[in-house]
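Undergrad: Below, each chain spelled out in residue letters.
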Amino acid sequence: MPVWTFAKTSSPFPMKGLRVGVFALCALPALLLSLGFFQGTLGANPVERLLNGTGAWGLRFLLVTLAVTPLRWATGLAWVVRLRRQIGLWAFFYATAHFSLFAVFEHGLSLTAIVSDIYQRPFILVGASALLLLLPLALTSTQGWIRRLGRNWKRLHWLIYPAAILGVVHFFWLIKADRWTEPLIYAAILAVLLGWRALRRGRAGR
Amino acid sequence: MLIKKRRQRDVLPSEITPESIYRDRRRFLRTSALAAAGTLLAPGWSVAKPMEDLDALGDLPSSPLSTGEEQNTLEQITTYNNFFEFGTDKEDPMRLAPKRLAHRPWTLTVTGEAENTGEFEFDDFMKGLTVEERIYRLRCVEAWSMVIPWAGVPLAEVIRRANPNSRAKYVKFYTKHDPEVFPAQRARGMSFLASIDWPYTEGLRIDEAMNPLTLLATGLYGREMPSQNGAPIRLVVPWKYGFKSIKSVVQIHFQETEPECTWNQLAPSEYGFYANVNPDVDHPRWSQARERRIGELFKQDTLMFNGYGEEVADLYAGMDLRKNF
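Chains A and B, in that order, give the protein sequences. In terms of this note's numbering, the first sequence has 33 at position 33, counting the first letter as 1, and numbering is strictly consecutive. In terms of this note's numbering, the second sequence has 259 at position 53, counting the first letter as 1, and numbering is strictly consecutive.
If you are wondering where the hints come from, they were derived from the structure by calculation, not from laboratory data. C-beta: ideal position from N, C-alpha, C; glycine also. Watch out, some of these pointers could steer you wrong.
[Claimed, not checked] The calculated lysine to aspartate or glutamate pairs, modelled on DMTMM-like cross-linking and capped at a C-alpha distance of 20 Å, are: (1) B:296 <-> A:182; (2) B:375 <-> B:466; (3) B:375 <-> B:462; (4) B:333 <-> B:430; (5) B:529 <-> B:486; (6) B:296 <-> A:48.
[As the list claims (entries may be wrong)] In silico negatives: residues of chain A with every beta carbon more than 12 Å from chain B: (7) 69; (8) 147; (9) 150.
Required output: the full structure, derived from the provided sequences and hints.
TA: In structure tokens form, the structure reads like this:
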């Protein structure tokens, strides 16, 4: 195994079915949203709920993905890293669903309408950029690509940091009135996760 | 339209307690509870009105100004509201208003540049006015819309009765100011709601106010106004964005100068005094070209003056609607 992959990623899970359990847990919000949509329990404006729901879950899973490495540092549990790819892909799934709902229901898939909306509303440009940054990460998440890209894989996947920052900015920007609490929490979590990394880097550099 | 299938567990009409009986029972329970409380509290108590207690308004004359479009359901109209006095969430009003907003006693004050000013109890205020049904489109500045069967009286009739003088160029409206009722009116600190200079106010030019479309609504779907929709009386100006249609009005003031309006004061670059529905003038942060009719998945084109151009376009002849947005 080449050195640049994670030496301890092959450490065994503490229990069977963990990967499946995480899969089910990550799929749950999508399941509940779809169920609510088809049962008509998403309130008077279900499209708004779907848009907000998928967007929020995309951001949450992105933050969870970024929390995996610090979690390993904190706990020494190497196996958590083996869940990272899956959670990251779920973040991409929700972000993609979010954008697709926007494209279909807000603009009826009209390209000109989407482009002019992105031009008109900077927060959409910010959100779309975040998704665009995640795209190559999702595409190169397979073992084959990790091998093929070698040390550049890690360089490429550094893009998750700007993507997460843009994601939080996107959320902040669209907030109306006084509902700052949720984006503030995400911003705080992201600051801790990035700050932690910076601190370790600083120490290692000394 | 939703078609309800009858299920096994549904009760038969014959099994249902007649409305008059359960209403009496509720009233009795409430009255006795209040009587008990009344011995402790000062007189002059008021009762909030839950949805199921709203009285029917009887047969309402229909109006040629009504639209024939499919109406939104009572559920949609009463569960998705912007009534920031109760919070910024669309579902805050339905959760809080029916418990907190009393329909009576309700005093309306007519003030300013008019002959017949004074204080009126709601029922006296309504005396001699014929409530009619007006089915209007409502277009929110947030790019969603509904079709609502309002019940109300033309504002013009109320204005004629007040008999404003020649200095009355504008009409200003005030929502009730009572922090006991409206939690947002006691918001403090950094919150957005604390930055609002309560009470909520709105205004119209006198000719806009006199337009036959402009309504003082006292109900919807043939019943009294649900609390979350601005009970007991609210303004409805169907060719303007919804925020102009001020809720739970307690004061109507005639004045010579353009009135200060809540949203206009909060963000003058985003919410103009006129706030006419206009698909060609975008909100600085989003497009106004299209709207989502509540109940529909896809958006539809927004119409100039919300489709009421025939009735109101003349009011703005010669005006630059980009500047006077």
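Undergrad: Against this structure, judge whether each hint is valid.
TA: For each hint, the structure was consulted:
A threshold of 20 Å between alpha carbons decides the hint, and for residue 296 of chain B with residue 182 of chain A the separation of about 17 Å falls inside it, so the pair holds. This hinted pair checks out: residue 375 of chain B and residue 466 of chain B have alpha carbons roughly 14 Å apart, not beyond 20 Å. As the CA atoms of residue 375 of chain B and residue 462 of chain B are separated by approximately 5 Å, the hinted pair is consistent with the 20 Å bound. As the CA atoms of residue 333 of chain B and residue 430 of chain B are separated by approximately 16 Å, the hinted pair is consistent with the 20 Å bound.
For a cut-off of 20 Å, the pair hint linking residue 529 of chain B to residue 486 of chain B stands: about 12 Å separates their Cα positions. With a C-alpha separation of about 11 Å, the suggested pair residue 296 of chain B and residue 48 of chain A falls inside the 20 Å cut-off, and the hint holds. Chain B leaves residue 69 of chain A outside its interface by the beta-carbon criterion, the shortest separation being 34 Å against a cut-off of 12 Å. Distance check on residue 147 of chain A: its Cβ is at least 44 Å (rounded) from any Cβ of chain B, clearing the 12 Å threshold; non-interface status holds.
Separation of residue 150 of chain A from chain B is adequate, the least Cβ-Cβ distance of about 44 Å exceeding the 12 Å criterion.
Violation of the numbered hints given earlier is absent; every hint is satisfied by the structure.
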